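Could you build all of it, start to finish, from the sequences and the hints given here?
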Amino acid sequence: MISRRLFVAMTAMAAAIGFGSVAQADALGDITARGTIRVAVPQDFPPFGSVGPDMAPVGYDIDMANLIAEKLSVKVELVPVTSANRIPYLQTNKVDLVISSLGKNPDREKVIDFSAAYAPFYNGVFAPADFVATKPEELAGKTIGVTRGAVEDLELTKVAPADTVIKRYEDNNGTISAFLSGQVEAVATGNVVAAAILAKNPPKRPELKFLIKNSPCYIGLSKEQPALLEKVNGIIAAAKTDGTLNAIAQKWLGTDLPAEL
Amino acid sequence: MNYQFEFGWLFEYYPQIVKGIGITIQLIAVGALAGISLGIVCAWVRALGPAWLKPVVAAYVELIRNTPFLIQLFFIFFGLPSLGLQLSELQAANLAMIVNLGAYSSEIIRAGIQATPKGQFEAGASLAMTPFETFRHVVLVPSLQRIWPALSSQVVIVMLGSAVVSQIAAEDLTFAANFIQSRTFRAFEAYFISTAVYLILAILLRQVLGMVGWFIFPRRAAR
Chain Z
1 MISRRLFVAM
11 TAMAAAIGFG
21 SVAQADALGD
31 ITARGTIRVA
41 VPQDFPPFGS
51 VGPDMAPVGY
61 DIDMANLIAE
71 KLSVKVELVP
81 VTSANRIPYL
91 QTNKVDLVIS
101 SLGKNPDREK
111 VIDFSAAYAP
121 FYNGVFAPAD
131 FVATKPEELA
141 GKTIGVTRGA
151 VEDLELTKVA
161 PADTVIKRYE
171 DNNGTISAFL
181 SGQVEAVATG
191 NVVAAAILAK
201 NPPKRPELKF
211 LIKNSPCYIG
221 LSKEQPALLE
231 KVNGIIAAAK
241 TDGTLNAIAQ
251 KWLGTDLPAE
261 L
Chain F
262 MNYQFEFGWL
272 FEYYPQIVKG
282 IGITIQLIAV
292 GALAGISLGI
302 VCAWVRALGP
312 AWLKPVVAAY
322 VELIRNTPFL
332 IQLFFIFFGL
342 PSLGLQLSEL
352 QAANLAMIVN
362 LGAYSSEIIR
372 AGIQATPKGQ
382 FEAGASLAMT
392 PFETFRHVVL
402 VPSLQRIWPA
412 LSSQVVIVML
422 GSAVVSQIAA
432 EDLTFAANFI
442 QSRTFRAFEA
452 YFISTAVYLI
462 LAILLRQVLG
472 MVGWFIFPRR
482 AAR
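Sequence lines, in order, name chains Z and F.
For the first sequence, this note's numbering gives the first residue as 1, with consecutive numbering after it.
For the second sequence, this note's numbering gives the first residue as 262, with consecutive numbering after it.
No lab work stands behind these hints: they were computed from the structure.
Mixed in with the good hints, there may be bad ones.
[Claimed, not checked] In the DSSO-like style, the derived pairs of lysine-lysine whose C-alpha atoms are separated by at most 30 Å in a straight line are: (1) 158/Z with 213/Z; (2) 142/Z with 280/F; (3) 71/Z with 231/Z; (4) 231/Z with 251/Z; (5) 142/Z with 158/Z; (6) 158/Z with 315/F.
Owing to the predicted nature of the structure, the values given are computational and were not obtained by experimental measurement.
See below:
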């Protein structure tokens, strides 16, 4: 009995989802007709999205959302989301785009589409200008600080030569303090953490030496929306060429966009 | 309760644990030796030393006894480099433990010295000993003997407190447990083993201190 009811319920749900996607057949047309674009943005993940002093969301992702709305000549409606519910918001058609420091992986690609990359997100080795290293092999004999158990710890342990001295600290604060107080020559960390250090304008400036792991951010949008995808990709490409995107990166991350983005 | 214990990782990670035990033992050996020596000097100053030095030592003891050990450690490791003194994490950990035990043990030892009957000092003087000789030969050893159990406890406390040096990436036993936990995600097992090792180390340390006491206080049997 239960299984039959479940079957009926699932059929009904499948039909509803089916109709739902039919209803948003042309998302770009809907956006233009509505005059607003609804964008899912983070509010708990600086510098990509956080709550500003006037309680309005600010950050890299918010600037990106404003840029796209401006180029589409529509108003922007920011919808705060968490990292757990940002994809469901898109799937249930509560938003048109997810600009929420979203990384691409095969599981996500099954349920949503991705634009071109719009923001850098990577782990790398950072050190002041006088520290010379362009690849992991050149870390031999040098002292690198890292946060224990983080992705960059696992990756660095794999690629660094055996005589690299890796100091593992309890949390990001320990790693940052060790770097700023000169206890380690370089740190392996995320570009967001490096940007947070740069924002304090310290005497030792962490500059990127090389990448450990690269997973840039993409804009997420519903499946089968070629018109909207093309438009968004066009805006991103134009923003990369005319320097708008680089200005956003400078503003929030304190560095230029990496060439490979 | 259906947790499955899984100790398979021990084969891969036991060198980390052995290294961690070695560093913890090194830390407490250096810390206890130098810390108690520092404590004796400070106790002498506060009980019998020159008047101008007494407030200096009193300030040091109060400063250390009224601030957390972790903060003292951070101050030495992260703070002193700004003043031009760069210490490695092991040097910083050693220094922090010496300074910490020095302050606590000086108070314990001072209690022993102040409990010395006045007649002992007078006996030393009547044998034409200088005040320092009296202190060295007549006062200090019986004082230490009196407070040895309390001092032993303090050394064990400092040894257990050394667990926090993993915060500055010194690779002691706690660092090994945290490291294994973050690599294998077998938190219960990693802390189970480190707890057992700390327990054994603490009991052994107490035995060692008891034997040290038995050797340096030969008149114990006569009492």
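Hints versus structure:
Distance hint between residue 158/Z and residue 213/Z is fulfilled; the C-alpha atoms sit about 12 Å from each other, no more than 30 Å. The suggested pairing of residue 142/Z with residue 280/F holds, with an alpha-carbon distance near 21 Å, which does not exceed 30 Å. The hinted pair formed by residue 71/Z and residue 231/Z meets the criterion: a straight-line CA distance of about 9 Å does not exceed 30 Å. Distance restraint check for residue 231/Z and residue 251/Z: the Cα-Cα separation of roughly 25 Å lies within the 30 Å cut-off, and the hinted pair is therefore satisfied.
For a cut-off of 30 Å, the pair hint linking residue 142/Z to residue 158/Z stands: about 16 Å separates their Cα positions. Of the supplied pair hints, the one linking residue 158/Z and residue 315/F is violated, its CA atoms being roughly 55 Å apart against a limit of 30 Å.
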